[in-house]
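Chains as they are written, first to last, in the working numbering: chain G, 1 to 535; chain R, 1 to 193.
Since the hints were made in silico from the structure, they are not lab data. All values derive from a computational prediction rather than experimental measurement. Note that beta-carbon positions come from the ideal geometry of N, C-alpha and C, so glycine has one too. Be a bit skeptical, because a hint or two may be false.
Chain R side only, calculated, beta carbon under 8 Å to chain G, not exhaustive [to be verified]:
| # | residue |
| --- | --- |
| 1 | LEU16 |
| 2 | SER36 |
| 3 | ALA60 |
| 4 | LYS66 |
| 5 | PHE151 |
| 6 | GLN165 |
| 7 | LEU166 |
| 8 | LEU174 |
| 9 | PHE188 |
Pairs of lysine-lysine residues, derived as PhoX-like cross-links and limited to a Cα-Cα distance of at most 25 Å, are as follows [claimed, not checked]:
| # | chain 1 | residue 1 | chain 2 | residue 2 |
| --- | --- | --- | --- | --- |
| 10 | R | LYS117 | G | LYS346 |
| 11 | G | LYS329 | R | LYS114 |
| 12 | R | LYS2 | G | LYS256 |
| 13 | R | LYS66 | G | LYS43 |
| 14 | R | LYS170 | R | LYS180 |
| 15 | R | LYS2 | G | LYS531 |
| 16 | G | LYS527 | R | LYS170 |
| 17 | G | LYS256 | R | LYS114 |
| 18 | R | LYS180 | G | LYS256 |
| 19 | R | LYS57 | G | LYS527 |
| 20 | R | LYS180 | R | LYS89 |
| 21 | R | LYS169 | G | LYS43 |
| 22 | R | LYS114 | G | LYS346 |
| 23 | G | LYS329 | R | LYS66 |
| 24 | G | LYS208 | G | LYS272 |
| 25 | G | LYS3 | R | LYS169 |
| 26 | R | LYS2 | G | LYS528 |
| 27 | R | LYS114 | R | LYS89 |
| 28 | R | LYS89 | R | LYS132 |
| 29 | R | LYS66 | G | LYS346 |
| 30 | G | LYS527 | R | LYS117 |
| 31 | G | LYS3 | R | LYS57 |
| 32 | G | LYS531 | R | LYS66 |
| 33 | R | LYS132 | G | LYS531 |
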Amino acid sequence: MEKLLLLGDEAIAQGAIDGGLSGIYAYPGTPSTEIMEFVQGSKQAEELSIHRTWSANEKTAMEAALGMSYAGKRAMVCFKHVGLNVAADAFVNASITGVNGGLIVVSADDPSMHSSQNEQDSRFYAKFSLIPILEPSNQQEAYEMAYYGFELSEKLNVPVMLRITTRLAHSRAGVQRSQVKKQNQLHLPSDPRQFVLLPAIARKNYKKLLGMQPSMDIESEKSTFNTFINGSDKKLGVIAAGLAYNYLMENYIDGKNPNPILKICQYPLPHKQVADLYNQCDSLLILEDGAPMIEEMMKGFLNLGKPIHGRLDGTLPRDGELNPNIVAKALGMAIQEGQEVPEVVKNRPPSLCQGCGHRDVFEDLNEVLKEYGTGRVFSDIGCYTLAALPPFNSVNSCVDMGASITMAIGAADAGLIPAVSVIGDSTFTHSGMTGLLDAVNKNAPITVIISDNSTTGMTGGQDSAATGRLFEICQGIGVHPDHLKIITPLKKNHEENVRIIREELEYKGLSVIIPQRECIQTFARRKKAEKNESN
Amino acid sequence: MKNDIILAGVGGQGILSIAAAIGLAAVKNNLHIKQSEVHGMSQRGGDVQSHLRLSDKPIASDLIPKGKADLILSVEPMEALRYLPFLSKDGWLVTNITPFNNIPDYPGLEDILKQIKSFPNHIAIDADTIAKQAGSSRSSNIVMLGAASPFLDIPFERLEDGIRQLFGKKGEELVNTNLKALKAGRDFTEKNR
Ligand SMILES: Cc1ncc(C[n+]2csc(CCOP(=O)(O)OP(=O)(O)O)c2C)c(N)n1
Numbered sequence: 001m002e003k004l005l006l007l008g009d010e011a012i013a014q015g016a017i018d019g020g021l022s023g024i025y026a027y028p029g030t031p032s033t034e035i036m037e038f039v040q041g042s043k044q045a046e047e048l049s050i051h052r053t054w055s056a057n058e059k060t061a062m063e064a065a066l067g068m069s070y071a072g073k074r075a076m077v078c079f080k081h082v083g084l085n086v087a088a089d090a091f092v093n094a095s096i097t098g099v100n101g102g103l104i105v106v107s108a109d110d111p112s113m114h115s116s117q118n119e120q121d122s123r124f125y126a127k128f129s130l131i132p133i134l135e136p137s138n139q140q141e142a143y144e145m146a147y148y149g150f151e152l153s154e155k156l157n158v159p160v161m162l163r164i165t166t167r168l169a170h171s172r173a174g175v176q177r178s179q180v181k182k183q184n185q186l187h188l189p190s191d192p193r194q195f196v197l198l199p200a201i202a203r204k205n206y207k208k209l210l211g212m213q214p215s216m217d218i219e220s221e222k223s224t225f226n227t228f229i230n231g232s233d234k235k236l237g238v239i240a241a242g243l244a245y246n247y248l249m250e251n252y253i254d255g256k257n258p259n260p261i262l263k264i265c266q267y268p269l270p271h272k273q274v275a276d277l278y279n280q281c282d283s284l285l286i287l288e289d290g291a292p293m294i295e296e297m298m299k300g301f302l303n304l305g306k307p308i309h310g311r312l313d314g315t316l317p318r319d320g321e322l323n324p325n326i327v328a329k330a331l332g333m334a335i336q337e338g339q340e341v342p343e344v345v346k347n348r349p350p351s352l353c354q355g356c357g358h359r360d361v362f363e364d365l366n367e368v369l370k371e372y373g374t375g376r377v378f379s380d381i382g383c384y385t386l387a388a389l390p391p392f393n394s395v396n397s398c399v400d401m402g403a404s405i406t407m408a409i410g411a412a413d414a415g416l417i418p419a420v421s422v423i424g425d426s427t428f429t430h431s432g433m434t435g436l437l438d439a440v441n442k443n444a445p446i447t448v449i450i451s452d453n454s455t456t457g458m459t460g461g462q463d464s465a466a467t468g469r470l471f472e473i474c475q476g477i478g479v480h481p482d483h484l485k486i487i488t489p490l491k492k493n494h495e496e497n498v499r500i501i502r503e504e505l506e507y508k509g510l511s512v513i514i515p516q517r518e519c520i521q522t523f524a525r526r527k528k529a530e531k532n533e534s535n
Numbered sequence: 001m002k003n004d005i006i007l008a009g010v011g012g013q014g015i016l017s018i019a020a021a022i023g024l025a026a027v028k029n030n031l032h033i034k035q036s037e038v039h040g041m042s043q044r045g046g047d048v049q050s051h052l053r054l055s056d057k058p059i060a061s062d063l064i065p066k067g068k069a070d071l072i073l074s075v076e077p078m079e080a081l082r083y084l085p086f087l088s089k090d091g092w093l094v095t096n097i098t099p100f101n102n103i104p105d106y107p108g109l110e111d112i113l114k115q116i117k118s119f120p121n122h123i124a125i126d127a128d129t130i131a132k133q134a135g136s137s138r139s140s141n142i143v144m145l146g147a148a149s150p151f152l153d154i155p156f157e158r159l160e161d162g163i164r165q166l167f168g169k170k171g172e173e174l175v176n177t178n179l180k181a182l183k184a185g186r187d188f189t190e191k192n193r
C-alpha cells in the first residue's frame, strides 16, 4: 500500500481506522485535536460508518468509548493531558471493569506548555491504574500502535493508553499502512457483571487486574517496540523513552552509538531488559520527554545503586521538552550554535483576532470595572483568556475548564462582591453548567458572562456542544429571567452593553449575560465555503 | 544529501502551505521527510515556525539541532532573525521584507534589514509586491518558496507539481497564479544571489 505523509495525530487516526475502529470519542485540546478531525474528514471512516462526533467533555467521551467497548466493539478516546484529569474517574475505573471490545485511550502531553496550563505526564495515570502504555517514537510507530493497541487491549482485557507529546502529534512523516481489519461484531461481555463495580465485584476485578501484571510484563518484554541496541562503551547505558530516542539518535553520526541503548516504547517497563542493561553498565542516563518517571523508578527512594543520570540530578533540565541539543549536552558532546538572536527581535505573543467579539466584551466590561477596581475577573480557558494580556489586562484567573464560575462563587463568599466570571460557550457546556447550578442554588452575587462565539475557537473552530441553546440551558438551570440577558458585542452597542453589565454587577444576586457574535475565523471560513459553492 | 529548513512567520501567514508544497514534492522525489509544525495557541497572531527536514537517509529527530539548519525561509523580516541560533555557518537566510506589525514595540524596519544584510548569504525580497505582479497578493508565501527553491535539492518541476497538487482542487486560475508566483520568486534569487 502507498506511503502517506501524516502528522503523528493523523497516523494514530489512520492506524485506528485500519485496526477495526468502530467509534472515536473526543473533546478538542491541543495537541490531540487532529486525531478526531482526521477521522471526521476520512472517506474511509464514512464508508465504514465509524462514529466520530465531538463529545461535551473528556469524561463523557471516555464513558461513551467504554460503553462501545462493553458492547464488544473497538473504541478510541482522545484528549490532551489535562483532559485526562477530567476523564480520570472513568479512566481509572475502566481499568477495574476491564474491556470487552478493545479500548485505546490517547492522551497527548504538552511538555514545555506550548498550549497548556501545565506539563503533567499522563504515564503516571496509566501506571497507577496498572494498565499498559504505548509511547511511539515516530509516526510509523504511532500508526502501528493504534493498529495493534486494540488487540493488546482485548488480549489483556484492559484499556491501553497511547501516550504522545506535542512534537510527535504535530510533526509529519511518511507512514506505511497495513491491511484493513474488520470491525468487531456487537457482542456482550461473557460475564454480565464484569462492568458492575459494586464493592464485592470490584474487589474481585481488582485482584484479577493485579494478577494480569506479569502478562503485561511479558507483552513488554517481547514487544518489538522495545529494543536493545548494543554498544561497546559500557561506562554508560542509555534508556530512551518514546520520542527521546530520536533526539538521542540524532546525535550519533550515521546511527552509530558507542553506548548500549534500551529504547522503551511499551510499558510496564520490561523488567528483564532493564535489569540486563543495568547489570552490564556502570551508570545509566534516562531520557524521557516528560516527567522523570522511569528515572525515579530506577533510582528508588534511597538511590543506593549505580549512578542514574537524568532530570533529577541536573544532567537534563528538570522541566520542558527535550531536543537534540539538550541530549547532546547530557552526552557531553559539543554544540555549535548559530548566531544569537539579535536585540531587534521582539516577543510576539498570541492575541485576540482583529474583529473578534471577545474584544468588545472586554472593552465593555473594563469600562464598568473601572468603578469597582481590578482583581475581580475570574476567567476560564479559551481565546478570551488572552484578555489577560495587554491591551486589556482584565483577567485575573485561568485554572481549569469551568473554574471561572465556581472560583467567582468562592471569592464572593469571601466578600469580593461583585465577582465576575467570563467563560466561553464550549467551556460552559464542558464543565460550567454544574457550577452555574451551584450559583443558582445559593443566588451567589456574581455576574457570569458567557462569551458565545458559537464555536470552540482556541482549538481551531470545532462544533460547540450547545450552539443556539445557551439561553434555554441557563433558564433550565434556574437563572432568574430578570437577570438573564443576551447582548451583541459590537462597537455600536458599547453604551448599551456597558449599561446592562453595570446594572447586573450592581444586582446582589446571580446574573448571566450572554454576549453573542460568531467567531471571526469560522465566519470567514463559512463565507469562503459559501462563495466556493456558488461558483 | 540533506536539507534542514526552518520556516518562520506569524500565525495565519501561510507557512504551512509552503511546508505542504515542499512535502508533496519531496515525497514524489522519494526523499525522507520530517516536518514539525506549530498548532494551537500561537497560531493566534503569535510567532510560528516549522522545522522541515529532507534527506535521502532516514531522519531521526523531528526538530533540527541548533547550528544545523541549511536555510531559514521567513515570510516576515523580524521573524527571520528569531531563529538565527539554528542557522549553520554557511546556511542561507531567505526572507520577505514586508513587516507584519501586530505588536506595540515592533522595531524599525531599517534596523531589521541592517541585521539581515549583515549576512553574506541572504536573499531579501519584497514578496508582497512580486506576488501582486504575479496576480494575487495572497500568494506571497509561494513567491518565498520560489525564492528559496535554488537552495533545495528538489528539482523545480517537482515543486511545480506540488503546487498543482496543493491548489488543484481550488481551480486552474489559482494554480496558474501560484505557479507564476513560484517562478517569479525563483527568478529573483537567481538574479540576486
Ligand atoms: C480539560 C481541557 N480540555 C481541553 C482543553 C483545550 N482547550 C483550551 S481552550 C478550548 C476551547 C474553549 O472554547 P470556548 O470556551 O468556546 O472559547 P473560545 O476559544 O471559542 O473563545 C479548549 C478545548 C483544556 N485546556 N482543558
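Going through the earlier hints one by one, which of them does the structure break, listed in rising order? 1, 5, 6, 7, 8, 9, 11, 13, 15, 17, 18, 19, 20, 26, 28, 30 and 32
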